[in-house]
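Under full-length UniProt numbering, the final residue of the sequence shown carries the number 158; numbering is consecutive throughout.
Some hints here could point you the wrong way.
To be verified - Straight-line alpha carbon distances no greater than 35 Å define the calculated DSBU-like cross-link-like pairs of lysine-lysine that follow: (1) Lys-36 to Lys-101; (2) Lys-66 to Lys-116; (3) Lys-114 to Lys-36; (4) Lys-73 to Lys-7; (5) Lys-7 to Lys-114; (6) Lys-54 to Lys-36; (7) Lys-73 to Lys-116; (8) Lys-7 to Lys-106; (9) Lys-12 to Lys-101.
Calculated directly from the structure, the hints in this document are not laboratory data.
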Amino acid sequence: MDAVHIKAGRWKYLVIARDDFSGWPETVALTRLTAKSVSEWFMSECICRYGAPKEVTVDGGAEFGKELQEEVKRAGSIIRITTPYYPESQGMVERGHEQLKDGLLKMCGESGSKWKEYLPIVTLADRISTKKQQDTHHLSFNLVSKLFFQLILKQIHI
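Build out the structure end to end from the sequences listed, making use of the hints.
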């Protein structure tokens with residue numbers, strides 16, 4: 001799990017939790033980045049939806065502080081804390097940031113002020129795209145939902 005500071009609009013922070021096996025991302029836009037807000041989101045949207053993971057890896061930033069760590073432990077997961085500002089320790093999560101940030105930039109342009117509105121569709125695009133680093137050769141969506149995803153778009157001739 002990691003947080004990205006986005007300087008546009010009212011929503012200043014993007015928090016991303018990504019499953020190491022499937023690459024499945026869960027994202028949230030936050031106005032304030034606190035351990036309490038991250039903890040509430042992770043509990044309600046990740047643990048309550050998918051169950052407690054075996055372990056959760058976070059950097060040592062304040063947003064992943066005591067409240068989040070206690071919730072993760074209470075759910076029965078192991079929490080691993082890595083060095084803050086050392087992206088290599090977060091592997092897949094850090095690599096996924098670029099895809100999400102690039103998608104948001106393309107959807108809302110340079111100003112980026114409406115990035116929160118586009119976050120669900122950009123997150124979906126990440127879920128249904130194959131990842132270079134995945135050895136599974138499956139879409140994240142198929143691994144998590146056990147459903148086949150097919151996106152049918154009409155071809156537009158210009």
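Hints, verified against the model:
no.	hint	result
1	Lys-36 to Lys-101	24 Å, holds
2	Lys-66 to Lys-116	27 Å, holds
3	Lys-114 to Lys-36	25 Å, holds
4	Lys-73 to Lys-7	32 Å, holds
5	Lys-7 to Lys-114	11 Å, holds
6	Lys-54 to Lys-36	21 Å, holds
7	Lys-73 to Lys-116	30 Å, holds
8	Lys-7 to Lys-106	16 Å, holds
9	Lys-12 to Lys-101	13 Å, holds
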